[in-house]
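**Student:** The residues making up each chain are set out below.
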Amino acid sequence: MKAFLQRWGTAYGPPLVVLIVGTLLLEAYVRWTHVPIYLAPRPSDVILTLHRERAYLLAASWSTAKAALVGFGLSAGVGVAIALALASSAWVRRAFYPYTVFFQTVPIIAIAPMLSIWLAPGLKAVAACAFIVSVFPVIANTLAGLIATDPALVDLFRLYGASRTAAMLKLRFPAALPNVFIGLRVAAGLAVIGTVVAEFLVGELGEEQGLGVVIVGASHNGHSDRVFAAVLLASALGLTMFGAVNLVARRVLRNWHASART
Amino acid sequence: MPDPVPAALAGSSVTLRGVRKEFPGGVVAIDPMDLDVAAGEFLAILGPSGCGKSTLLRMISGLERPTAGTVEVHRPSTTGHAGRFDIAYVFQDAHLLPWRTVLSNAAMPLELRGIGRAERQARAADALANVGLGDALARYPNQLSGGMRMRVSLARAMVTDPTLLLLDEPFAALDEITRQRLDEQLRELWQARRMTVIFVTHSTTEAVFLADRAVVMSKRPGRIISDRAVALAPARVGALRGTADFVHETRIVYEALERGEASA
Chain P
1 MKAFLQRWGT
11 AYGPPLVVLI
21 VGTLLLEAYV
31 RWTHVPIYLA
41 PRPSDVILTL
51 HRERAYLLAA
61 SWSTAKAALV
71 GFGLSAGVGV
81 AIALALASSA
91 WVRRAFYPYT
101 VFFQTVPIIA
111 IAPMLSIWLA
121 PGLKAVAACA
131 FIVSVFPVIA
141 NTLAGLIATD
151 PALVDLFRLY
161 GASRTAAMLK
171 LRFPAALPNV
181 FIGLRVAAGL
191 AVIGTVVAEF
201 LVGELGEEQG
211 LGVVIVGASH
221 NGHSDRVFAA
231 VLLASALGLT
241 MFGAVNLVAR
251 RVLRNWHASA
261 RT
Chain B
1 MPDPVPAALA
11 GSSVTLRGVR
21 KEFPGGVVAI
31 DPMDLDVAAG
41 EFLAILGPSG
51 CGKSTLLRMI
61 SGLERPTAGT
71 VEVHRPSTTG
81 HAGRFDIAYV
91 FQDAHLLPWR
101 TVLSNAAMPL
111 ELRGIGRAER
121 QARAADALAN
131 VGLGDALARY
141 PNQLSGGMRM
151 RVSLARAMVT
161 DPTLLLLDEP
171 FAALDEITRQ
181 RLDEQLRELW
191 QARRMTVIFV
201 THSTTEAVFL
211 ADRAVVMSKR
221 PGRIISDRAV
231 ALAPARVGAL
241 RGTADFVHET
251 RIVYEALERG
261 EASA
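Read top to bottom, the protein sequences are chains P and B. First residue of the first sequence: 1, per this note's numbering; consecutive thereafter. First residue of the second sequence: 1, per this note's numbering; consecutive thereafter.
Isolated chain P (complex conformation) (with noise of 0.2 Å):
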């Protein structure tokens, strides 16, 4: 127990250190210039804020996490159908790769009320919107893993006869995890960032209101306070979804050698 602590203290000591000094340092400088509430919030007013309005902005963060989970959830789906097909074959590859780089360079700010209008304003939209703006990172990268694998085992692979299809399930793609698992740590965070842009431009549409309707409306109040906890609840959901990713990497890659596992 005793070294569990020490380890604990040792890995998440410091960034808790600088995040204590730092909040007290930006809370004394706003105390003292007496910069107005509209420009800035106190730290402590957004804490306060987190505390006094909790049920509206769980439910908002709620909101908002069901839209990025299914965006992120389509982007680690479609993502490695996409790049296992792109993989299958080089003509297909040569055929179709520019255009999934289509998904990297679209203006989501132009394209999301598009998707609102096609999909009904919404969960869907905002979802359309999240996967988006967070697959490309896992094509590339899954497909680079996959047309990476060790030639010399490809080799072997021939020799024993192995089909295409035993190949590529054997062989290539679970050689390419590694990859699979960067691309999708990527996109995790993309994910909330989309449907936060998404929500901030249709998002007062839908049923449900998410972190960027609150945003949008905190703003033009002039509720800085409520503006910072809101992005606060966002970051803490994008660092939650990165680390449950991490955490499925570690599990899933826990025989490989160190170097396949960051």
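Derived from the structure by calculation, the hints contain no laboratory data. Mixed in with the good hints, there may be bad ones.
To be verified - Label pairs and their computed distance ranges (CB to CB):
(1) 95/P - 36/B: 44 to 52 Å
(2) 181/B - 158/P: 28 to 36 Å
(3) 129/B - 12/P: 46 to 54 Å
(4) 119/B - 247/P: 34 to 42 Å
(5) 229/B - 88/P: 47 to 55 Å
(6) 4/P - 235/B: 51 to 59 Å
Remember, it's a predicted structure, so these values are computed and weren't measured experimentally. Glycine included, every Cβ here is placed at the ideal spot set by N, Cα and C.
Got chain P sorted already, so can you dock chain B onto it with the hints?
**Tutor:** Chain B alone, transformed into the frame defined by chain P:
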């Protein structure tokens, strides 16, 4: 242990006629080459780096086609049992699947041939026991030393009971003691099974210790500049390495290798 196979029938013979390999870009790896490897023979191929030894092995395995000439592998006319297929290949590094246990790695070739779980696990366990890894079945490659990983690789090659075993500098990355131990183990395996072995190396002592015949190739484009039987008794044990006969044989192969290095 699988049923014993009569010595004369356990190995494939290999015939190369006028084999030439030119890579795109005009690099000639192998000049027209003839080579006969008898069934059940243990052949070592030596040569300077980049002389086309690996290319030669890849052509024999069928992974690479010759630009000209023919490569024929004649399997022995045994009835054979399920899962007996011709060729196994061992690379310079172990190349194991990190997500699979030792047992599952060694069983992989049988799995790809659609052999049932119980049978392939039993045969893989046998193959692993034969290389001294009987108690490491449940471990992962990450938990093994380099020498142990290489032995898993060897067991994976032997699990199909191949009639032709190709090894491409398999123990080159290991320390001297581990390497000698693996050489002894490989020789034992060969003595028990009598599959044909083609062993590529640039170590003269390794070639002389292991093989009954040593072929030395020249610098690129690779040609055979020396091809002779190793004049040592078939029983090879560690102590052999210090004997005058062994040193003499090594010297002869070394001189041929020097000529190969010098030839332009």
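**Student:** Would you mind marking each hint as holding or not holding in the structure?
**Tutor:** Hint check:
1. Residue 95/P and residue 36/B have their C-beta atoms about 48 Å apart, which keeps the hinted 44 to 52 Å range intact.
2. Judged by the Cβ atoms, the range 28 to 36 Å given for residue 181/B and residue 158/P holds: they are separated by roughly 31 Å.
3. For the hinted restraint 46 to 54 Å between residue 129/B and residue 12/P, the CB-CB distance of approximately 47 Å keeps it satisfied.
4. Between residue 119/B and residue 247/P the beta carbons are some 37 Å apart, a value that agrees with the proposed interval 34 to 42 Å.
5. For the pair residue 229/B and residue 88/P, the beta carbons lie near 50 Å from each other, so the given range of 47 to 55 Å is met.
6. In this structure, residue 4/P and residue 235/B meet the distance hint of 51 to 59 Å, their C-beta atoms being roughly 58 Å apart.
Figure legend: structure checked against the earlier numbered hints; every hint is met.
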